[in-house]
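> So the protein lines, in turn, are chains A and B.
Under UniProt numbering, think of the first position of the first sequence as 1, with each following residue one higher.
Under UniProt numbering, think of the first position of the second sequence as 1, with each following residue one higher.
Hints are computed from structural coordinates only; laboratory data are not their basis.
Take these hints with a grain of salt, some might be off.
Repeated chains share a single entry, so a pair holds when one copy, or any two copies, can fit it.
[As the list claims (entries may be wrong)] Listed below are the simulated DMTMM-like cross-link pairs for lysine to aspartate or glutamate, each with C-alpha atoms no more than 20 Å apart in a straight line:
{"hint": "1", "residue 1": "Lys119", "residue 2": "Glu138"}
{"hint": "2", "residue 1": "Lys119", "residue 2": "Asp75"}
{"hint": "3", "residue 1": "Lys119", "residue 2": "Glu130"}
{"hint": "4", "residue 1": "Lys22", "residue 2": "Asp182"}
{"hint": "5", "residue 1": "Lys22", "residue 2": "Asp180"}
{"hint": "6", "residue 1": "Lys22", "residue 2": "Asp59"}
{"hint": "7", "residue 1": "Lys22", "residue 2": "Asp75"}
{"hint": "8", "residue 1": "Lys22", "residue 2": "Asp212"}
{"hint": "9", "residue 1": "Lys128", "residue 2": "Asp182"}
{"hint": "10", "residue 1": "Lys119", "residue 2": "Glu43"}
{"hint": "11", "residue 1": "Lys22", "residue 2": "Glu76"}
{"hint": "12", "residue 1": "Lys128", "residue 2": "Asp59"}
{"hint": "13", "residue 1": "Lys22", "residue 2": "Glu214"}
{"hint": "14", "residue 1": "Lys128", "residue 2": "Asp180"}
{"hint": "15", "residue 1": "Lys128", "residue 2": "Asp150"}
Owing to the predicted nature of the structure, the values given are computational and were not obtained by experimental measurement.
2 protein chains.
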Amino acid sequence: MQLYTYFRSSAAFRVRIALNLKGLAYEAIPIHLLRGGGEQLQEAYRAVNPEGLVPALVDNGATITQSMAIIEYLDETHPVMPLLPQDALGRARVRALAQMVACDIHPIDNLRVLRYLVKELGVPEEAKTEWFRHWVREGFAAIERHLSRDSATGRFCHGDTPTMADCVLVPQVFNARRFDVDLAPYPTIARIHAACMELPAFQAAQPSQQPDAES
Amino acid sequence: MQLYTYFRSSAAFRVRIALNLKGLAYEAIPIHLLRGGGEQLQEAYRAVNPEGLVPALVDNGATITQSMAIIEYLDETHPVMPLLPQDALGRARVRALAQMVACDIHPIDNLRVLRYLVKELGVPEEAKTEWFRHWVREGFAAIERHLSRDSATGRFCHGDTPTMADCVLVPQVFNARRFDVDLAPYPTIARIHAACMELPAFQAAQPSQQPDAES
């Protein structure tokens, strides 16, 4: 398998965690999101993924895009170390938690959106940063409330083994920290993040450990 | 089953289509997104869904949130008229197409984001509309390229029966039209949209047919 990735992309980070949790080897193909106006927007990569976003996974010649679709594909094709629970309600809960990040926080704070704010709308740097923090706070408050009131929450987002929800939550915590979002109001998120980061699969997937990492 | 819904919410629209395709009866509980500052943000609804977003589905006392998670739940618990293909690659493709809308277009153009642009950042009405159109165009161009080059595309997004990808795409086309986005550059999307709208399940789910519809 080949994974088109960028060390700091939180969507690629999600997939790297899933691959590591399942013990699947892969070749990392770095796509630099800033160099030359963004390698992800150039024709060579658009031929792989017309959307011009990372990650993309190539498995036996087939290209799969969208991080949550990739994780579910890996889970279906490599069922060892399942990343979704066995019951329909549990699966729905894990998917919903993942989507609370992947639909309702991350896309609004994505690089291309922040760029549009600054370049097209002339939003000052400080207001851009506040935008970023606002959507993280909105989303994290809802996730915290969801996690803290539900007995299905365990050591991880759902029970005592990591699921897709943890694969998606942890990279968002990294992003939040990079923008100095105070995590004190989200003790359950912080606790689960710490539990995840004790695991080698999460450690090895983090941005600083990637071959294309920059300081 | 009860569905918390708003006639114009495209995320609720997705779930209404799925329920109709499967022939499942449900009680619609309208949540007015504009009235009184937004009923979805009030404590009564936050107790149902801490995120303060519609839709939410209640089934046998359990609450499920996030439209794609709800659709997958319905598909797992009511397998007749499957909304995902049988093969892992096909499933990944349908999920990715749905996520290209549900992650990469809709959240950026959602009501709360447009409100923030206007109220917090003072973005003029015209620039707000251009923002909306920009993200639809970016996303539709990628989806069009994906659909038009892939032989898995049929009468619908994936083959000749509707899937979750169609449930998610059609409401986004409704939104695009509401903001006068020219659909001429996306002939495959327009063709699939038309095929979907010939089906009673899609017709009955559309905003104008809802009990809480307004002109």
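> Would you list, in rising numerical order, the hints stated earlier that this structure does not obey?
2, 4, 5, 8, 10, 12, 13 and 15
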